[in-house]
Amino acid sequence: MLGRSWRLWAFVPLVLLTAVVALFTAAGGSVTGLLGETAPPLDEFDIRRVEFHPSEIRIRVTNPQPDDLTIASVTVDDAIMPFDVEGDSTLGRLRSSEIVVQYDWVPEEPITVGVTSSTGIETTEEIAAAVQTPQASARSFFGYALIGTLVGIVPIALGLLWLPSLRRAAPQWLAAFMALTAGLLTFLAVEALSEALELQAALPSALGGAGLVLLGVALSFLFLTAISTRMGESSGGAGVSGLALATLVAIGIGLHNLGEGLAIGSSFALGELALGTFFIVGFMIHNVTEGLGIASPLAEGRGVSWQRLAVLALVAGAPAILGAWLGGFITSDLLGVVFFAAAAGAAFEVVVEVGRYVARRAPGGLGSPHVLGGFLAGVGVMYVTGLLVA
Amino acid sequence: MPKFTRKQILAGAAPLIAAAPLARLNLPGHSHSHPSATHEGHNHPTLGHAAMIREHVPAPGGPHDLDKLLYPPEALPYKRGRVREYELFAVDKTIEVAPGVHFNAWTYNGTVPGPVIRATEDDLLRVNFVNGGSHPHTIHFHGIHPSNMDGVFEVVPPGSSFTYEFPARPAGMHLYHCHATPLKKHIHKGLYGAFIIDPKEPRPPAQELVMVMNGYDTDGDGGNNFYTVNGRSFYYARYPIEVKRSQTVRIYLANLTEFDLINSLHLHGDFFRYQPTGTGDYWEYTDTVMQVQGQRGVIEIDFANPGEFMFHAHQSEFAELGWMGFFDVKDE
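Top to bottom, those sequences are chains A and B.
Numbering of the first sequence is given in my numbering, commencing with residue 69 and proceeding in unit increments.
Numbering of the second sequence is given in my numbering, commencing with residue 115 and proceeding in unit increments.
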């Protein structure tokens, strides 16, 4: 009976919704008025980033609430300072502006900045130690790249050098090392997920916090599922193994290192991180296991050329450089949430693939002592070496 | 167990061997052992006192907005029993205390502080008070008067009125404020003002000014966000008070700052005589004077030099949050 016009019926709920919404916005005040007075907006600013330059402080503020928010007065250490605003002084929902204050800040001493709204509500941010924000210069570019290389590429390349030893190992030990890879990736996935959830708590709730994390996780999980299915099909439907599996592991680790690089870069730029040698060395030791994880799937089957190995090391390690650049020069908590969520999703997916591989190839199956022990070893080593950088 | 060849052992140990020299790598930004050269010879603007005058100062409003609060009415000669009548109207008003910052105040006659009330000793002071605000209010005067004129027991509800009437005593500098409960709120929201009682023997002629020190807690956290004299932060830094060097400057100073234990006034470049409460023969000779909430006094300055002289609270925090101004002393 509906015939061809059934498609038009699909629009009916949308049209009616528009009508109801229009009616409510026109008469809404009188409806909520029945309940009594609504509370005024909180008028708190979201102080996103405070940068220290020679004789200048730059404060990036966002309006996290639906109502407009106006910047009226700025204080530094409880003293009113003249200021300029790059952008509008009246911020709409989720809009940002940058406040520039001429101020001779004292290096390495605590400092508090305050932004007061037109309704007199002051939002303050305390910086534990004022450090000059690294400028985007060739030198700092190189510096972050060097950090990314040391923390990402070098340990992974070193870990890959275990490949010759792995090729000589017996099948149950291979299965154990594959399980170690799975344990390692599970550790990374959980770590990334918790990092993403922690960062999302600091975002304005208007950005959808936890939902954004889930979105990121799901997107990367399904994306990698698609890639690994394609890879599996091209190898004759036997599932992913060998170089293909190693590549997936490298991608998962690479995404995680992207998030790690971002975290290191932004922590350093904001003066929150004392980037000592201890920290860098700790990270290198922590990430060497990742190289082992990439090498494990390559232990069986055909040999792999040095060039292929180098590419794998780059895929897994180079994102740390990109992350450090982004974190150091841009510092966006939103980027951090997205990167870590994607890293978690990718890592979880690769764990599934490795699990399938182990189930197929391990003597004694998924429940054999080598596999279980290997998994625990993976988680354990990552945990212990992770304490070096905690 | 698989046999390891020498090649394999080296291959396996390579990661550990390579790591050793890296442990001694000294990375940029890691050690703060050098004294940091912060300014590198930059031309940074000095942000000391001197920069914050006239156009550089963030203060709301125009040049003569607060004249009625700064310049008191004339002193009248002694005449026992003369009636001095004032109309005070309590009204809720949102005022601009700093540029762009608005405070929901309770005011007498629309200003914070309220109007200057002046009488001569033994005048009959009559203040007709009408409460146009949203809360009950009173007026409590500092002075000598009967207890039913004290502004404590006869609370005036919104819409009602009350007439305070009593002989003006003693001579000196006093103040008035609301005494409805909660006391802290009724004061800090702006219900206060200066109350001058001139002595029988008139004071020598002088350029007379009234200054009421106060603060505003705009975000309700129990601490003042802005400090002012006569109601607007940094106002007299932006619009310096012009005075002549040829005549004494007399300031009737009162402290109605809530939340902070004391306030103060410090004058640059000169000294002044200070008479606590404006009564008695004791005069202090100083450049910095301290007052608790409710204290007040008379300052007399004979400027030695012309020019711009800063005056401010000597609690530096108050000065940097708005309680700072300038005298522009002209050689006339």
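Simulated from the structure, these hints should not be mistaken for laboratory data.
Since the model is a prediction, treat every value here as computed from it, not as a measurement.
Virtual Cβ for every residue (Gly too), placed ideally from N, Cα, C.
Each hint should be verified, as a subset may be incorrect.
To be verified - Quick partial rundown of chain B residues pointing at chain A, CB under 10 Å, derived from the structure:
| id | residue |
| --- | --- |
| 1 | H170 |
| 2 | V171 |
| 3 | G175 |
| 4 | Y192 |
| 5 | A212 |
| 6 | N419 |
| 7 | P420 |
| 8 | F423 |
| 9 | M424 |
Do the hints match the structure? See the list:
1. Because the closest C-beta pair between H170 of chain B and chain A is about 6 Å apart, less than 10 Å, the hint holds.
2. Taken as an interface hint, V171 of chain B checks out: its beta carbon lies about 8 Å from the nearest beta carbon of chain A, inside 10 Å.
3. At about 14 Å, the closest approach between the beta carbon of G175 of chain B and any beta carbon in chain A exceeds 10 Å, and the interface hint on this residue is violated.
4. About 45 Å separates the beta-carbon of Y192 of chain B from the nearest beta-carbon of chain A, more than 10 Å, and the hint is not met.
5. Hint status for A212 of chain B: holds, given a least beta-carbon distance of 5 Å to chain A, under 10 Å.
6. Checking N419 of chain B against chain A: minimum C-beta separation of about 28 Å lies over 10 Å; hint violated.
7. The closest approach between the C-beta of P420 of chain B and any C-beta of chain A is roughly 28 Å, which is over the 10 Å cut-off, so the hint fails.
8. Interface restraint check: F423 of chain B against chain A, minimum CB-CB distance 21 Å, threshold 10 Å, status violated.
9. With 10 Å as the threshold, the beta carbon of M424 of chain B stays out of range of chain A, its nearest partner Cβ sitting at about 15 Å, so the hint is violated.
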